[in-house]
Each structure stands twice: as structure tokens, then as C-alpha cells.
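**Student:** Given only the sequences and the hints, what does the whole structure look like? Please build it.
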Amino acid sequence: MDWTAYTDDHTHPSGSYTVEFVAYHRRGGGLDLFAYEAEGSCPELEDGRVDEDHIFLAHLESERELDAAVEAVMARLGAAYERTVFYREAGSRKVIGKIHSHLQKRGTRHAWVRSNGKEDWELVIRRKDFPIAAEVVPSNV
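Numbered per the working numbering, the sequence shown spans residues -4 to 136.
Honestly, the hints are just simulated from the structure, not real lab data.
Check each hint, because a few of them may be wrong.
What the hints assert, rightly or not - Distance windows between CB atoms, simulated:
| id | residue 1 | residue 2 | range |
| --- | --- | --- | --- |
| 1 | Gly73 | Met(-4) | 23 to 31 Å |
| 2 | Gly23 | Arg83 | 22 to 30 Å |
| 3 | Glu39 | Asp62 | 14 to 22 Å |
| 4 | His54 | Val132 | 40 to 48 Å |
Idealized CB from N, CA, C, for every residue including glycine.
**Tutor:** See below:
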């Protein structure tokens, strides 16, 4: 990626997504939209990869186009990128911790552990990452 083509300004879409997006302002005007994802994290977008962290997605004329462009990418990616509960555990988070560590080692992103306010825990991941998580233990949801 040629960083000299960009100013020091960048922006992110207003919504929350299971892919991290960033738009860099070009020196000549407009913006370039990228997915900021590790290699292999979004195989459907890999053909636009420009470095180990960035996948080029689109040229934008202004920031007003950003949210619509991101929504279009997410629609193209589909249900595989939706967040959902993979595993529930009561009391400790021993199994969830093993699954989460495995996901991190395999380079997946956007996985988190949440509590329902008691001693019950849930591991939430993207649907596309279910097969990787299942390498540790099958889903119990």
C-alpha cells in the first residue's frame, strides 16, 4: 500500500460490523475504502488485498458514500458474517476460553465472550467461524 497517496485523515463507518472497515482520505480528494482484516479472515474479499492488514474495496468520492458502500459489502458477504452464539457455559469459562484461544491462534476476529448477568457465559462468533471453533468442541446451542 502506498501510504504517500493518503493524508493523515481516516474515518470509519457509523455502524457496528463483523468486518472492520476504514476509509483513508486521498491527497487528491476522495477516499479509499478498505477492510482491515488479517489474511484469510475474509476469503471472499482476498482478491483486493494490498498488504497483510488491508483489503481494498472501493474508491469513494466523499464520506457521504461510506455507510452505503459498507452496507453493500456486508450484503455481499451475507449471513456467514452475522454474529451468533456458538457455545454456552455455566459457572466457569473454561471451555469457552479454550475455544476463544483457538480462534485467536487461527487468526479469526470479532469473537467475544459475554455474560447474561449471572454465572452463565456465551461465546459469540461469526457464523463462518463455526467450523474453526468446532475443532475444539461442537456447538451446544
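**Student:** Could you run down the list of hints and mark each one as holding or not?
**Tutor:** Verification of the supplied hints:
1. Gly73 to Met(-4): 23 to 31 Å: Since the Cβ atoms of Gly73 and Met(-4) sit about 27 Å apart, the hinted range of 23 to 31 Å holds.
2. Gly23 to Arg83: 22 to 30 Å: violated, 51 Å
3. Glu39 to Asp62: 14 to 22 Å: holds, 20 Å
4. His54 to Val132: 40 to 48 Å: Holds, since His54 and Val132 (Cβ atoms, about 44 Å apart) stay within the stated range.
Of the hints listed earlier, the one the structure fails to meet is number 2.
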